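Just need the whole structure built from these sequences, with the hints factored in.
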Amino acid sequence: MPNFTINGIAAAVPDGTTILAAAHMIGIEIPHYCYHPKLSIAGNCRMCLVEVEKFPKLQIACNTVVTEGMVVRSDTEKVRKAVTGVLELMLIHHPVDCPICDQAGECGLQNYYMKFGLHKSRYDLEDKVHKKKVQDIGGQIVLDAERCILCSRCVRFLQEVTKTGEMEFFQRGDHSEISIFPGRKLSNNYTGNLADICPVGALTSKDFRFKCRVWYLSSVESICPGCSNGCNIVADFKGGILYRLKPRRNDDVNQTWMCDFGRLEYKKANESRLLVPVLREAGKPVAASWDEALMTSAMRFREAAEKHGPGSVAVIASPQSSNEELFLAKKLASEILKTETFGFTSRTPGDGFSDDFLIKADKNPNSMGAQLLGFAEEGFGRAVKAISDGKIRALLIFGNVLSDLSDAEVESLLSKVSFVAQVGTGDGAVSRAAHAVLPSASFAERGGTFTNIAGRVQRFRKGFAPRGKAGNDIEILVGLAKRLGADWKFDGEESVFKALSEASASFSGMSYESLGSGGRAVAGGQ
Amino acid sequence: MTIGVKKVARPEQMSFGESLYLLEIMKGLAVTMGHFLHNIAHNKEIPTIEYPEVRRTMPARFRGCHRLMKRPDGSPRCVACYMCATACPAKCITIVAGESPDPAVEKYPVRFDIDMLRCVFCGQCVEACPCDAIRMDTGWHTPPEDTREKLIYMIDKLLEK
Numbered sequence: 001m002p003n004f005t006i007n008g009i010a011a012a013v014p015d016g017t018t019i020l021a022a023a024h025m026i027g028i029e030i031p032h033y034c035y036h037p038k039l040s041i042a043g044n045c046r047m048c049l050v051e052v053e054k055f056p057k058l059q060i061a062c063n064t065v066v067t068e069g070m071v072v073r074s075d076t077e078k079v080r081k082a083v084t085g086v087l088e089l090m091l092i093h094h095p096v097d098c099p100i101c102d103q104a105g106e107c108g109l110q111n112y113y114m115k116f117g118l119h120k121s122r123y124d125l126e127d128k129v130h131k132k133k134v135q136d137i138g139g140q141i142v143l144d145a146e147r148c149i150l151c152s153r154c155v156r157f158l159q160e161v162t163k164t165g166e167m168e169f170f171q172r173g174d175h176s177e178i179s180i181f182p183g184r185k186l187s188n189n190y191t192g193n194l195a196d197i198c199p200v201g202a203l204t205s206k207d208f209r210f211k212c213r214v215w216y217l218s219s220v221e222s223i224c225p226g227c228s229n230g231c232n233i234v235a236d237f238k239g240g241i242l243y244r245l246k247p248r249r250n251d252d253v254n255q256t257w258m259c260d261f262g263r264l265e266y267k268k269a270n271e272s273r274l275l276v277p278v279l280r281e282a283g284k285p286v287a288a289s290w291d292e293a294l295m296t297s298a299m300r301f302r303e304a305a306e307k308h309g310p311g312s313v314a315v316i317a318s319p320q321s322s323n324e325e326l327f328l329a330k331k332l333a334s335e336i337l338k339t340e341t342f343g344f345t346s347r348t349p350g351d352g353f354s355d356d357f358l359i360k361a362d363k364n365p366n367s368m369g370a371q372l373l374g375f376a377e378e379g380f381g382r383a384v385k386a387i388s389d390g391k392i393r394a395l396l397i398f399g400n401v402l403s404d405l406s407d408a409e410v411e412s413l414l415s416k417v418s419f420v421a422q423v424g425t426g427d428g429a430v431s432r433a434a435h436a437v438l439p440s441a442s443f444a445e446r447g448g449t450f451t452n453i454a455g456r457v458q459r460f461r462k463g464f465a466p467r468g469k470a471g472n473d474i475e476i477l478v479g480l481a482k483r484l485g486a487d488w489k490f491d492g493e494e495s496v497f498k499a500l501s502e503a504s505a506s507f508s509g510m511s512y513e514s515l516g517s518g519g520r521a522v523a524g525g526q
Numbered sequence: 527m528t529i530g531v532k533k534v535a536r537p538e539q540m541s542f543g544e545s546l547y548l549l550e551i552m553k554g555l556a557v558t559m560g561h562f563l564h565n566i567a568h569n570k571e572i573p574t575i576e577y578p579e580v581r582r583t584m585p586a587r588f589r590g591c592h593r594l595m596k597r598p599d600g601s602p603r604c605v606a607c608y609m610c611a612t613a614c615p616a617k618c619i620t621i622v623a624g625e626s627p628d629p630a631v632e633k634y635p636v637r638f639d640i641d642m643l644r645c646v647f648c649g650q651c652v653e654a655c656p657c658d659a660i661r662m663d664t665g666w667h668t669p670p671e672d673t674r675e676k677l678i679y680m681i682d683k684l685l686e687k
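Read top to bottom, the protein sequences are chains C and Y.
In terms of this note's numbering, the first sequence has 402 at position 402, counting the first letter as 1, and numbering is strictly consecutive.
In this note's numbering, each residue's number is its place in the second sequence (first place is 1) plus 526.
Take the hints with a grain of salt, since some may be wrong.
Straight line, CA to CA, 30 angstroms or less: simulated DSSO-like cross-link-like pairs of lysine-lysine [what the hints assert, rightly or not]:
id, chain 1, residue 1, chain 2, residue 2
1, C, Lys-185, C, Lys-81
2, C, Lys-469, Y, Lys-617
3, C, Lys-128, Y, Lys-596
4, C, Lys-211, Y, Lys-687
5, C, Lys-211, Y, Lys-553
6, Y, Lys-617, C, Lys-246
7, Y, Lys-633, C, Lys-120
8, Y, Lys-633, C, Lys-133
9, C, Lys-238, Y, Lys-533
10, Y, Lys-633, C, Lys-238
11, Y, Lys-553, C, Lys-238
12, C, Lys-128, Y, Lys-633
13, C, Lys-211, Y, Lys-633
14, C, Lys-307, C, Lys-267
15, C, Lys-211, Y, Lys-532
16, C, Lys-206, Y, Lys-532
17, C, Lys-163, C, Lys-338
18, C, Lys-284, C, Lys-268
19, C, Lys-120, Y, Lys-596
20, Y, Lys-533, Y, Lys-553
21, C, Lys-120, C, Lys-38
22, C, Lys-267, C, Lys-211
23, C, Lys-246, C, Lys-284
24, C, Lys-307, C, Lys-385
25, C, Lys-185, C, Lys-211
26, C, Lys-307, C, Lys-489
27, C, Lys-163, C, Lys-38
28, Y, Lys-617, C, Lys-462
29, Y, Lys-596, C, Lys-206
30, Y, Lys-553, C, Lys-268
31, C, Lys-338, C, Lys-120
32, Y, Lys-596, C, Lys-211
33, C, Lys-211, C, Lys-132
34, Y, Lys-633, Y, Lys-596
35, C, Lys-128, C, Lys-115
36, Y, Lys-533, Y, Lys-617
37, C, Lys-246, Y, Lys-633
38, Y, Lys-553, C, Lys-115
39, C, Lys-267, Y, Lys-617
40, C, Lys-133, C, Lys-267
Since the hints were derived computationally from the structure, they do not count as laboratory data.
Fair warning: this is a prediction, and the values are worked out from it, not measured in the lab.
Quick look at the structure:
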């Protein structure tokens, strides 16, 4: 633990810590472009120059290890002058593209120019070296070689993280540029990260291109709902519409990365949503009020249970639901409906692609939570068998898809049940077959926790109010339970989680406070 | 011209003459007629003008109706950077950006609407524009329209001036 002093503040840091990392720990920001905490150190941008006592020249903070008694200054005139010079050099050939550049607003060059630059250009606009703009280099990325400051983050990412090495530096001097090899486009499932790590606008997202200026976006901490890995993300939205998902650092789960499939998950929350409660009478869908829809559903469930016994009622839960919702669904099934026919399935349409990094075969964010809270895959098999045998009179089904069944299979299966109530966000075969559609909130419109494949319980938060008349799943479940005669006193997801942590051994001792932003592993998890 | 306010005490009960109204109407008409005759005699002093045949001369520095500038080839100079919409205190500018067919331009406004009913004519949009693409006309205010929809200027209208 060497002791050192930076800008007059004394601190002790672990052995092998660099000046840049040590300064970050005590809240001093040293400007940098090429340094990234999850990539190797290149030391080529020269922005992090600091003055170290007894060194004749300025040192780069990102690659100088703190030693005992080191005295560092990052706030002297000498440092400032050097950093300003480095910045001016980088801006020499940088195009004046800010009005059309998607990076504007979160650009390293803009931020540091305002802090260290504010100089007039000493270079004529006509003398700038021009390179190829708007290159589709595959994946989710558009390359603008002109805007690049040659920090090599992308090159290192592709060599060290994906190990595919599609990009390299080409040419020399002023004409140096990054590019892909001729005819060989980016071919990995993590290309979106390049847009995140690029400190300037050289690599930008194809999907987000020109959609929205970043300063209009609000962000909320969330969890990617795309697979069971549970990558930590921030969801960026404006006016009730999600615009993009970006990874959030969590060294135990996804470091600072996320996959390309996950990045496009936001579209599901924007498109083909169920927005009003619908009751289907004699085959015709009729928009209903929440009270009508819940009352009718409760009545039909009670009727089925009274006439044909609790065995005629079934609940199919969804691994897309949060722990809180699954806890209430289980409570509803076993305590109020008193049925033994309940279960869930983690099977989804598609090939279940997985790799050895972040992408998992189970495409649901909360299969582990469903299992821990008492739902079983066998239960789903039992429920489907009971439905095809015609034993089920009333069925409560969560989610937009039913296993990997085709639309025709879903239709023929559900036609055997006289009353199907669905709690789901998206339009599909299930909602078209349901007699009561109870539209629910997307992952950005409600709060809760998911349990990932490794058993880590992580919070996702509410960004904005549900679209249309869609309701919060917890409110729907509580509304249904109350109309079935239960005395539930839950107010919001936190109160449900409290009850859940008291009732379930796996979650015992957990609270929203103790989960923090990084989550906690369940008892017995990894 | 200053407008004076004269407070009139209302009697609690009307007299017989007043309750007939006829006399009072005559008195009122006499006042109207007095003004009418006065205005005929002193025509030049009337503060109203016969718009739209007669129009006021605006001060030289007045800036009113917006226009979008064009490039020499006729395409909009605007690159949909949203600076004007960001600067606008009335939030009256709606822009939707798109990929320009011209690769040298890259970004252009697919939609550019100004809600003239909301605009407060502060000129911040003109000030913010990095491309000198939006300007405000001198000499004349926003022409009146008979429906609200017509006062939401779309990109075609803003470009054609």
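Here is how each hint holds up against the structure:
1. At roughly 40 angstroms between alpha-carbon atoms, Lys-185(C) and Lys-81(C) are farther apart than 30 angstroms, so this suggested pair is violated.
2. Distance restraint check for Lys-469(C) and Lys-617(Y): the Cα-Cα separation of roughly 27 angstroms lies within the 30 angstroms cut-off, and the hinted pair is therefore satisfied.
3. Distance restraint check for Lys-128(C) and Lys-596(Y): the Cα-Cα separation of roughly 26 angstroms lies within the 30 angstroms cut-off, and the hinted pair is therefore satisfied.
4. At most 30 angstroms may separate the alpha-carbon atoms for a hinted pair to count; Lys-211(C) and Lys-687(Y) meet this at roughly 28 angstroms.
5. With a C-alpha separation of about 68 angstroms, the suggested pair Lys-211(C) and Lys-553(Y) falls outside the 30 angstroms cut-off, and the hint is violated.
6. For the suggested pair Lys-617(Y) and Lys-246(C), the alpha carbons sit about 28 angstroms apart, so the restraint of at most 30 angstroms is met.
7. Between Lys-633(Y) and Lys-120(C), the direct Cα distance comes to roughly 26 angstroms. Compliance with the 30 angstroms bound is thereby established for this hinted pair.
8. The straight-line distance between the Cα atoms of Lys-633(Y) and Lys-133(C) is roughly 12 angstroms, inside the 30 angstroms bound, and the hint therefore holds.
9. Taken as a hint, the Lys-238(C) and Lys-533(Y) pair is broken in the structure, with Cα atoms around 54 angstroms apart against an allowance of 30 angstroms.
10. Of the supplied pair hints, the one linking Lys-633(Y) and Lys-238(C) holds, its CA atoms being roughly 21 angstroms apart against a limit of 30 angstroms.
11. A C-alpha spacing of about 64 angstroms is found between Lys-553(Y) and Lys-238(C), which places the hinted pair above 30 angstroms, so the restraint is violated.
12. Restraint check: the Cα-Cα separation between Lys-128(C) and Lys-633(Y) comes to about 21 angstroms, which is no more than 30 angstroms; the hinted pair holds.
13. Simply put, Lys-211(C) and Lys-633(Y) have alpha-carbon atoms about 11 angstroms apart, close enough for the 30 angstroms limit, and the pair holds.
14. In summary, the hint linking Lys-307(C) to Lys-267(C) is not supported, as the alpha carbons are separated by about 43 angstroms, beyond the 30 angstroms threshold.
15. As the CA atoms of Lys-211(C) and Lys-532(Y) are separated by approximately 60 angstroms, the hinted pair breaks the 30 angstroms bound.
16. Restraint check: the Cα-Cα separation between Lys-206(C) and Lys-532(Y) comes to about 69 angstroms, which exceeds 30 angstroms; the hinted pair is violated.
17. Proximity of Lys-163(C) to Lys-338(C) is assessed by CA-CA distance (about 53 angstroms); at most 30 angstroms being required, the pair is judged violated.
18. Of the pairs offered as hints, the one joining Lys-284(C) and Lys-268(C) holds, with about 26 angstroms between alpha carbons and a cut-off of 30 angstroms not exceeded.
19. Among the hinted pairs, Lys-120(C) with Lys-596(Y) is consistent with the structure: their alpha-carbon atoms are about 28 angstroms apart, no more than 30 angstroms.
20. As the CA atoms of Lys-533(Y) and Lys-553(Y) are separated by approximately 18 angstroms, the hinted pair is consistent with the 30 angstroms bound.
21. In summary, the hint linking Lys-120(C) to Lys-38(C) is not supported, as the alpha carbons are separated by about 35 angstroms, beyond the 30 angstroms threshold.
22. Of the pairs offered as hints, the one joining Lys-267(C) and Lys-211(C) holds, with about 13 angstroms between alpha carbons and a cut-off of 30 angstroms not exceeded.
23. For the suggested pair Lys-246(C) and Lys-284(C), the alpha carbons sit about 41 angstroms apart, so the restraint of at most 30 angstroms is broken.
24. For a cut-off of 30 angstroms, the pair hint linking Lys-307(C) to Lys-385(C) stands: about 21 angstroms separates their Cα positions.
25. Restraint check for Lys-185(C) and Lys-211(C): the C-alpha separation of about 24 angstroms stays at or below 30 angstroms, so the hint holds.
26. Taking the CA atoms of Lys-307(C) and Lys-489(C), the gap is near 29 angstroms; set against the 30 angstroms cutoff, the hint holds.
27. The straight-line distance between the Cα atoms of Lys-163(C) and Lys-38(C) is roughly 14 angstroms, inside the 30 angstroms bound, and the hint therefore holds.
28. Between Lys-617(Y) and Lys-462(C), the direct Cα distance comes to roughly 26 angstroms. Compliance with the 30 angstroms bound is thereby established for this hinted pair.
29. As the CA atoms of Lys-596(Y) and Lys-206(C) are separated by approximately 28 angstroms, the hinted pair is consistent with the 30 angstroms bound.
30. The straight-line distance between the Cα atoms of Lys-553(Y) and Lys-268(C) is roughly 75 angstroms, outside the 30 angstroms bound, and the hint therefore fails.
31. Our distance criterion of 30 angstroms between C-alpha atoms is broken by Lys-338(C) and Lys-120(C), whose separation comes to about 76 angstroms.
32. Taking the CA atoms of Lys-596(Y) and Lys-211(C), the gap is near 23 angstroms; set against the 30 angstroms cutoff, the hint holds.
33. For the given pair, Lys-211(C) sits about 23 angstroms from Lys-132(C) by alpha-carbon distance, which is consistent with the 30 angstroms threshold.
34. Taking the CA atoms of Lys-633(Y) and Lys-596(Y), the gap is near 15 angstroms; set against the 30 angstroms cutoff, the hint holds.
35. With a C-alpha separation of about 24 angstroms, the suggested pair Lys-128(C) and Lys-115(C) falls inside the 30 angstroms cut-off, and the hint holds.
36. Pair hint Lys-533(Y) plus Lys-617(Y) does not hold up; C-alpha atoms about 42 angstroms apart against a cutoff of 30 angstroms.
37. Between Lys-246(C) and Lys-633(Y) the CA atoms are separated by roughly 24 angstroms; this keeps the pair inside 30 angstroms, and the hint holds.
38. At most 30 angstroms may separate the alpha-carbon atoms for a hinted pair to count; Lys-553(Y) and Lys-115(C) exceed this at roughly 76 angstroms.
39. Of the pairs offered as hints, the one joining Lys-267(C) and Lys-617(Y) holds, with about 27 angstroms between alpha carbons and a cut-off of 30 angstroms not exceeded.
40. With a C-alpha separation of about 28 angstroms, the suggested pair Lys-133(C) and Lys-267(C) falls inside the 30 angstroms cut-off, and the hint holds.
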